[in-house]
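The listed protein sequences correspond, in order, to chains S and B.
The working numbering applies: residue 1 is where the first sequence begins, and numbers increase by one.
The working numbering applies: residue 1 is where the second sequence begins, and numbers increase by one.
To be clear, the hints were calculated from the coordinates, so they are not data collected in a lab.
Since we're looking at a predicted model, the values are computed, not measured.
Some hints here could point you the wrong way.
Heads up, simulated DSSO-like pairs for lysine-lysine below, C-alpha to C-alpha not over 27 Å straight-line [unchecked claim]:
id : chain 1 : residue 1 : chain 2 : residue 2
1  : B       : Lys89     : S       : Lys171
2  : S       : Lys127    : B       : Lys256
3  : S       : Lys171    : B       : Lys203
4  : S       : Lys96     : B       : Lys336
5  : S       : Lys180    : B       : Lys206
6  : B       : Lys256    : S       : Lys131
7  : S       : Lys112    : S       : Lys125
8  : S       : Lys180    : S       : Lys203
9  : B       : Lys89     : B       : Lys206
10 : B       : Lys239    : S       : Lys180
11 : S       : Lys96     : B       : Lys239
12 : S       : Lys151    : S       : Lys180
13 : B       : Lys89     : S       : Lys125
14 : S       : Lys28     : S       : Lys82
Distance windows between CB atoms, simulated [as the list claims (entries may be wrong)]:
id : chain 1 : residue 1 : chain 2 : residue 2 : range
15 : S       : Ala101    : B       : Thr217    : 37 to 43 Å
16 : S       : Arg451    : B       : Ala24     : 44 to 50 Å
17 : S       : His198    : B       : Thr217    : 47 to 53 Å
18 : S       : Leu40     : B       : Asn121    : 55 to 61 Å
19 : S       : Gln95     : B       : Val294    : 54 to 60 Å
20 : B       : Asp225    : S       : Leu440    : 38 to 44 Å
21 : B       : Asn214    : S       : Ala108    : 35 to 41 Å
22 : B       : Ala319    : S       : Lys112    : 20 to 26 Å
23 : S       : Ala51     : B       : Pro343    : 55 to 61 Å
24 : B       : Asn121    : S       : Leu55     : 38 to 44 Å
25 : S       : His198    : B       : Ala329    : 44 to 50 Å
26 : B       : Glu192    : S       : Trp208    : 20 to 26 Å
27 : B       : Ala329    : S       : Ala108    : 38 to 44 Å
From the three backbone atoms N, C-alpha and C, an ideal C-beta is built for every residue, glycine too.
Okay, here's what each chain looks like letter by letter:
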Amino acid sequence: MTDIADQSVSTAAATTGRSLLQRGEHAKRRAASETRFRMLGLVAVMIGILAVVGLLASILSNGVSSFFQTYVTVDIYLNPAKLDKTGNRDPEALQKVTTFAYAPLISAAVEKLIETHGIEIEGLKPKDAAKIISKEAPASVRNYVLAHPSKIGETVKFDLLADGRVDGYYKGRVTMDSAKLDRNISPERLELADKLKHAGVLKTRFNWSFFTAPDASDTRPEAAGLGVAILGSAYMMIIVLVLSLPLGVAASIYLEEFAVQNFFTDIIEVNIANLAAVPSIVFGILGLAIFINFAGLPQSAPIVGGLVLTLMTLPTIIIATRAALKAVPPSIREAALGVGASKMQATFHHVLPLAMPGILTGTIIGLAQALGETAPLLLIGMVAFVREFPGAPPEGFFDPASALPVQVYNWTTRGDPAFVERASGAIIVLLVFLIIMNGLAIMLRRRFERRW
Amino acid sequence: MKFKHLAGVAAGALLLAAAGQAQARDQIQIKGSSTVLPYASIVAEAFGENFDFPTPVVEGGGSGAGRKALCEGVGENTIDIADSSSRIKQSDIDNCKANGVNEIQEVRIGYDGIVFASDINGPSFAFTPADWFNALAAEVVVDGKIVANPNKSWHDVKADLPDQEILAFIPGTKHGTREVFDIKVLEDGCKESGALEAFVAAKGEKDGEKMCLNLRTDGVSVDIDGDYTETLARLDANKHAIGVFGLSFYQNNTDKLQVATMNGITPSVETVASGEYPVSRPLFFYVKNAHLDVIPGLQEYIEFFVSDDMAGPDGPLAAYGLVPDPELAATQEKVKNRVPMGPLN
């Protein structure tokens with residue numbers, strides 16, 4: 001054996017004039033080009049990873065702080081002379097007392113708070129001291145009084161939001177130096193906040209209301225939350241799921257299993273592929289023209305958003321479903337038909353269950369895409385300031401609502417720097433939802449996928 | 001079986017969609033200028049807190065888009081109020097008339113100052129409109145001759161300005177703010193510097209006036225089509241630039257920006273209100289009168305907007321940067337009596 005091997009080596013060496021064990025010019029070039037390609041691939045992956053890490057790091061460093069919020073505990077005397085002049089706790093009369101009447105009560109309470117803790121700060125006007133409390137506070141106190149009219153005349157403990165700048169001070173966004181230049185805060189007020197923190201009445205804690213509270217206007221970033229946006233996005237996802245899954249699956253089953261191949265189905269196929277590539281803003285224009293102007297559906301409503309996103313998601317689901325159906329081997333269909341099943345029975349009893357994991361994966365990925373979509377919503381009035389929670393479905397589908405990506409866009413355009421933090425926080429929430437959905441898709445695929 | 005259920009649900013959803021059309025709208029819908037948007041949302045928020053009506057929905061999109069949507073027709077799927085940072089145009093009114101929107105109320109809510117601000121650590125500036133014209137115009141007059149703008153630094157424009165490279169971020173042409181910048185800064189500066197006369201003498205009245213608004217295209221003047229947050233971000237990256245902002249935006253970012261004076265006047269709510277600070281404009285909203293008794297709370301909302309509690313000198317709008325209207329009482333009276341606007345004068 002060795003002779004033969006030796007012989008062949010020597011003949012090969014003879015033809016090229018070199019030993020096979022030594023690298024020739026050509027082999028060297030091939031090896032070098034392979035190393036180059038590997039390096040390039042590695043660099044490409046590294047750039048990708050760096051971009052993701054950079055993006056995540058900047059979002060996290062900006063946004064994690066939005067999950068925490070500073071609160072001040074204040075005892076407020078609910079002065080009957082101010083809140084209920086008639087004295088008979090008539091709900092209608094109480095309703096007439098606006099938040100403007102509540103603001104002085106909070107000022108008085110803050111003054112008292114400073115007094116009881118023996119805090120003295122040079123140059124701090126009593127009028128300014130109350131400004132460390134959010135402008136949202138009168139509204140929350142008023143809501144409490146309207147819900148508990150019997151408490152008027154008593155002193156009640158409230159956990160009130162601190163002003164956005166005071167909150168920013170504990171998050172590093174505001175410093176003593178910047179406070180000197182800032183019209184909306186003064187170093188004296190920050191000093192007061194520090195002393196209140198020391199006294200234990202000012203605390204920073206987890207901010208649940210970021211997930212439940214509605215949006216707030218530009219003067220009170222500390223109160224702004226994602227409640228309406230999360231609900232609006234959830235409503236839209238329900239509509240997209242309910243409409244696009246049955247429509248998409250029915251269309252693909254028909255095209256894949258029943259339809260005859262002819263010119264007509266070819267055109268449909270090309271169109272579906274084209275639709276999947278249409279820029280999403282086009283669907284927004286379509287939605288405005290058809291659903292709002294023609295069908296008369298309300299503006300800013302999740303129903304219109306859901307319908308528009310359904311149109312956008314349908315091609316994704318159809319393409320994924322058809323791929324899943326194609327992946328089921330024909331032997332399964334033939335076996336079913338062979339034992340006497342009708343075409344419909346073969347499809348629904350055998351092919352569809354086997355294709356289900358693929359269909360669900362496609363659907364979830366389509367939904368995730370729809371969840372992050374902003375452009376079409378711009379045209380149907382969902383990029384708006386919405387504070388009112390939409391009602392329970394199905395009527396709630398017609399109430400105005402916001403959506404998560406839209407809320408991010410909205411907050412980045414606001415003047416107050418505190419909204420930057422909010423926007424990053426909203427991005428984190430959106431990313432978490434997307435990761436959960438994609439994770440679910442991967443899990444379904446892993447668990448139920450069958451190989452033949 | 002599963003699919004029959006799903007199909008049933010889908011059909012049900014479509015039926016509901018049809019049924020929903022009959023549902024009456026109970027919240028006010030507002031759209032328009034992004035300059036008015038913060039004020040409108042502050043009022044909407046307070047309105048929702050204090051009244052038994054739902055909080056109005058406020059959308060941005062620009063003054064022109066808002067007026068166009070207002071004039072789309074009468075009915076629940078059209079908006080009730082258009083916010084606008086410039087006065088309504090005859091073309092809008094004609095469009096309204098053509099679509100059956102006959103009575104519109106014009107409500108002036110106050111004034112907005114436009115300020116010129118630079119990085120807080122840089123040198124401070126004292127401008128006149130003529131400086132801006134000489135810095136940004138495509139052609140200027142030097143020694144009586146019309147030449148392409150040779151100025152590179154602010155120092156070249158006027159000797160007592162700092163020796164800093166000229167770079168200006170000005171609002172793009174789709175913004176209402178740009179209109180004010182054109183009229184109150186460039187046109188006035190053109191007149192002041194005497195360039196207008198030279199232009200008119202050279203090119204005739206019409207073309208001469210147009211030349212005042214021709215900006216140089218060598219990258220010194222940059223149009224910002226986004227909002228003020230974009231201008232601020234650009235300014236952050238180019239510390240030697242000067243940006244054009246709304247007064248309220250500046251007041252929320254006084255720790256990052258320093259403001260330039262114009263004709264020696266520092267912009268503030270007071271100096272704009274008194275008319276001393278020259279670069280300002282009125283802000284409006286337009287109400288569709290046909291909706292007044294149809295959409296619940298609409299009359300209450302507009303009365304609340306112009307009430308002393310909100311739009312007055314001590315109200316939250318002034319605190320945010322709106323310059324209160326000295327004739328607010330007259331506006332309140334007009335709103336109460338639902339006086340529609342007359343023809344444009």
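Cross-check of the supplied hints:
1. Lys89(B) to Lys171(S): Distance of about 47 Å is beyond 27 Å: violated.
2. Lys127(S) to Lys256(B): Holds, at roughly 26 Å.
3. Lys171(S) to Lys203(B): 59 Å, violated
4. Lys96(S) to Lys336(B): The hint holds at about 19 Å.
5. Lys180(S) to Lys206(B): This hinted pair is violated, its Cα atoms lying about 50 Å apart.
6. Lys256(B) to Lys131(S): 21 Å, holds
7. Lys112(S) to Lys125(S): 14 Å, holds
8. Lys180(S) to Lys203(S): Given that 27 Å is the threshold and the Cα spacing comes to 23 Å, the pair holds.
9. Lys89(B) to Lys206(B): 21 Å, holds
10. Lys239(B) to Lys180(S): 21 Å, holds
11. Lys96(S) to Lys239(B): Judged against 27 Å, a Cα distance of about 51 Å means the pair is violated.
12. Lys151(S) to Lys180(S): Violated: Lys151(S) and Lys180(S) sit about 40 Å apart, past 27 Å.
13. Lys89(B) to Lys125(S): 47 Å, violated
14. Lys28(S) to Lys82(S): 92 Å, violated
15. Ala101(S) to Thr217(B): 37 to 43 Å: Cβ of Ala101(S) to Cβ of Thr217(B): about 57 Å, so the range 37 to 43 Å is violated.
16. Arg451(S) to Ala24(B): 44 to 50 Å: 56 Å, violated
17. His198(S) to Thr217(B): 47 to 53 Å: 58 Å, violated
18. Leu40(S) to Asn121(B): 55 to 61 Å: Violated - the Cβ-Cβ distance for Leu40(S) and Asn121(B), about 43 Å, lies outside 55 to 61 Å.
19. Gln95(S) to Val294(B): 54 to 60 Å: 24 Å, violated
20. Asp225(B) to Leu440(S): 38 to 44 Å: 39 Å, holds
21. Asn214(B) to Ala108(S): 35 to 41 Å: 59 Å, violated
22. Ala319(B) to Lys112(S): 20 to 26 Å: Holds: the Cβ-Cβ distance is about 24 Å, inside 20 to 26 Å.
23. Ala51(S) to Pro343(B): 55 to 61 Å: 58 Å Cβ-Cβ, so the 55 to 61 Å window holds.
24. Asn121(B) to Leu55(S): 38 to 44 Å: 29 Å, violated
25. His198(S) to Ala329(B): 44 to 50 Å: 48 Å, holds
26. Glu192(B) to Trp208(S): 20 to 26 Å: 58 Å, violated
27. Ala329(B) to Ala108(S): 38 to 44 Å: The hinted range 38 to 44 Å is violated for Ala329(B) and Ala108(S), with Cβ atoms some 31 Å apart.
Violation of the numbered hints given earlier is confined to hints 1, 3, 5, 11, 12, 13, 14, 15, 16, 17, 18, 19, 21, 24, 26 and 27; the remaining hints are satisfied by the structure.
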